[in-house]
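Engineer: Reconstruct the complex from the two isolated chains, following the hints.
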Amino acid sequence: MMKKKIVVAVMMALPVVAAADGSPWLPVPGSTQVSVGYVNQTGNEFYLGTEKMPLPEDLKQDTYSIGAQYGLTDELAIDAQLNYARISFGSESESALGDSSIGVNWRAYDEFEHAMAPTVTLRAAALIAGNYDVGKLDAIGDGASGVELSVLAGKYLTPKLTIAGELGYRYRSGDVPNDIWFGANVGYSLASFVSLSAGYSATRSQGDLDIGGPGFSPDRFPEVREDRDLIKVGASFTVAPRTSLNINYGTVVSGRNTTKANLWGFSVATSF
Amino acid sequence: MTLPSFGKYGFALVLPFMVSTALASGSDSFGGGLSGEQAQYNTGKAVYAQKLACPECALAGKTLDKTQAQQVLTDTGLTAKLAEDERAALTTYLKLRFKL
Chain H
1 MMKKKIVVAV MMALPVVAAA DGSPWLPVPG STQVSVGYVN QTGNEFYLGT EKMPLPEDLK
61 QDTYSIGAQY GLTDELAIDA QLNYARISFG SESESALGDS SIGVNWRAYD EFEHAMAPTV
121 TLRAAALIAG NYDVGKLDAI GDGASGVELS VLAGKYLTPK LTIAGELGYR YRSGDVPNDI
181 WFGANVGYSL ASFVSLSAGY SATRSQGDLD IGGPGFSPDR FPEVREDRDL IKVGASFTVA
241 PRTSLNINYG TVVSGRNTTK ANLWGFSVAT SF
Chain W
1 MTLPSFGKYG FALVLPFMVS TALASGSDSF GGGLSGEQAQ YNTGKAVYAQ KLACPECALA
61 GKTLDKTQAQ QVLTDTGLTA KLAEDERAAL TTYLKLRFKL
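As they're listed, the protein sequences go chains H and W. Per the numbering used here, the first sequence starts with residue 1, numbered consecutively. Per the numbering used here, the second sequence starts with residue 1, numbered consecutively.
These are computed hints drawn from the structure, not numbers from a lab. There may be inaccurate statements among the hints.
[Unchecked claim] Pairs of lysine-lysine, PhoX-like flavour, derived with a Cα cap of 25 angstroms:
#1 Lys99/W to Lys260/H
#2 Lys60/H to Lys160/H
#3 Lys60/H to Lys155/H
#4 Lys81/W to Lys160/H
#5 Lys81/W to Lys62/W
#6 Lys81/W to Lys155/H
#7 Lys160/H to Lys62/W
#8 Lys60/H to Lys232/H
#9 Lys95/W to Lys160/H
One chain only, chain W, in its complex shape (with noise of 0.2 angstroms):
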């Protein structure tokens, strides 16, 4: 198949038939994060670590197992001063990642 050269304005002439490719070619995705309840994994583990185990937290220093996470679960003075979305994102945390 033998096709021709273009020079920058002869090309113009053909563009229509090349730039759906070139389109296609870049297919911007808008997907790969996570989002709805594993978001909200992410975000508990950061509500625990930022608001719960910090240096001047209660639990600092503590090791988080399966029997500290029932504490935090049940223990509402522990997480009394989150907000109702933190608290939400926590409970998913420590549910899912200790299967309560």
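So that you can see chain H by itself, here it is in the shape it has in the complex (with noise of 0.2 angstroms):
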């Protein structure tokens, strides 16, 4: 009883999440981009606050998401994201609709007509809480809604070569911490039909809530502080005139109460 009590405290505490990871250029204006992805999550250690710590048996997380990105104007862009989620872990399992995003994009620096400058793009972006119960054994969020804001800069150093950065903050409802996150991106295109990526991205929660830390109880994980870095890099192959295919890698470096999870992802992205 106790078990299944602990169960639904955890799975009403950290909701999937969709982290930002945008883009400073925006699609072409009229079109729209339709991607459809899944990524793979699996870690055997645990950052226990700042300890690492290891997990009895492999935890797996497999996401399946679908986004759209539609180019209203040159400058004007935006786009929507949804998820669902299976989370297994010996033989406790969960699966779920995850949380949406509703984005716009506003390019207000365009690198093209200043030749010093980067691309600069704000984004403002709503987080809609999946339609889960929260009130039940196999809930697995904690309806948090919230908005988030970002600034990305980009620049093409030349037409092959890239480098791309955000700052970003989340605010969401509840007790759930407060996010500031931050990444930095090169891309390389190969040729026409291949882009190769490389990047580093961190998550800085504003929480100060150990897991086991003093004055924590299960009932408390909406507060708990959890804090990522990740480095990754990704291949894009143009599969047909308007579809690519991405394959990418990455690996938690460092964390605080989060797994240290290696991750692959896939994805088909098509433009109409």
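Structural biologist: Dropping the structure here:
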């Protein structure tokens, strides 16, 4: 019975959140890019506070997503993403519709109009809690919606070589701590049909409560501080004139109250 | 519902039931960027700005409109020095931007 209570408390505490990972460059005006993605996260170690400890078994999360971006004008675009996740660890598993996001992107500065400047895009997004029930054993989140704001900047150093970065702030309702995230990415186009990328991203929670630390109890899970640092690499292949296959790998290199996970991501994107 | 408090080591006993959700909380996304034709479009903008319209380039200071874009696509002399993939990206950009 106690085990069930703990699971309920935990499942209510930390919902699936689509981490922002945007681009300062907007889609073609009047066109839509639709992508279908799958991300597998697996880990056998966990940061309890900042102390890394082994897990008795691998834990695994599969996230399926569908997303779309639409270019309204040269300077304005909207996007949306929906996630569905399955978590498994030993005999425990959970599947549910994750939170969704709807965002608007405004390109405030265009590098192609000012030779030395980067492209700068401001993004605002609404995070909408999934429609899962939170008062039962198989709940996957805590139903917290929110908003996030970020600044994205990027520059084509040459037509083949890009650098980009993002700095954002996420607010979520209830007791869920706010987050600051930042990241940097380098991209290189090997040819018109293949490009490579490498990047780093970090999330810093504004909370101060550690799992198992002073004052912690399972009902305070929404207040736990969760940090992570992720490095990632990727490749994108144009498999048809308007369709690309994207393969990504990432690994958590440090963290706090989070799993040291390895991630594989696959997605197909097409435009019309 | 009454739930217990946990010390650091006592907590390890229940960790297996907690970590799965902690993992879920940061479902890192690789998405959000542009790829395929959308990326080509932006690369084409860079080709135009850096290879054709730079201060020392043939089209420096000229306004890029539909007529100009058509000329770039048909005048092979303007794009003769571009690599094949640069020319492809430029073509994607101009055709999509000006609906050519």
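Engineer: Between the alpha carbons of Lys60/H and Lys155/H, is the straight-line distance 25 angstroms or under?
Structural biologist: Violated - the C-alpha atoms of Lys155/H and Lys60/H are around 36 angstroms apart, more than 25 angstroms.
Engineer: Given the hint that Lys60/H pairs with Lys160/H, test it: the Cα-Cα distance must not exceed 25 angstroms.
Structural biologist: violated (36 angstroms)
Engineer: Check whether the Cα positions of Lys81/W and Lys62/W lie no farther apart than 25 angstroms.
Structural biologist: holds (19 angstroms)
Engineer: CA of Lys81/W to CA of Lys160/H, is that 25 angstroms or under?
Structural biologist: holds (16 angstroms)
Engineer: Quickly compare the C-alpha distance for Lys95/W and Lys160/H to 25 angstroms and report which way the hint goes.
Structural biologist: Holds: Lys95/W and Lys160/H sit about 20 angstroms apart, inside 25 angstroms.
Engineer: Given the hinted pair Lys60/H and Lys232/H, is their alpha-carbon gap at most 25 angstroms?
Structural biologist: holds (18 angstroms)
Engineer: Holds or violated: Lys160/H with Lys62/W, Cα cutoff 25 angstroms?
Structural biologist: holds (24 angstroms)
Engineer: For a C-alpha distance cap of 25 angstroms, please report whether Lys99/W and Lys260/H respect it.
Structural biologist: violated (48 angstroms)
Engineer: Given the hinted pair Lys81/W and Lys155/H, is their Cα-Cα distance within 25 angstroms?
Structural biologist: holds (23 angstroms)
Consistency note: the structure conflicts with the earlier hints numbered 1, 2 and 3.
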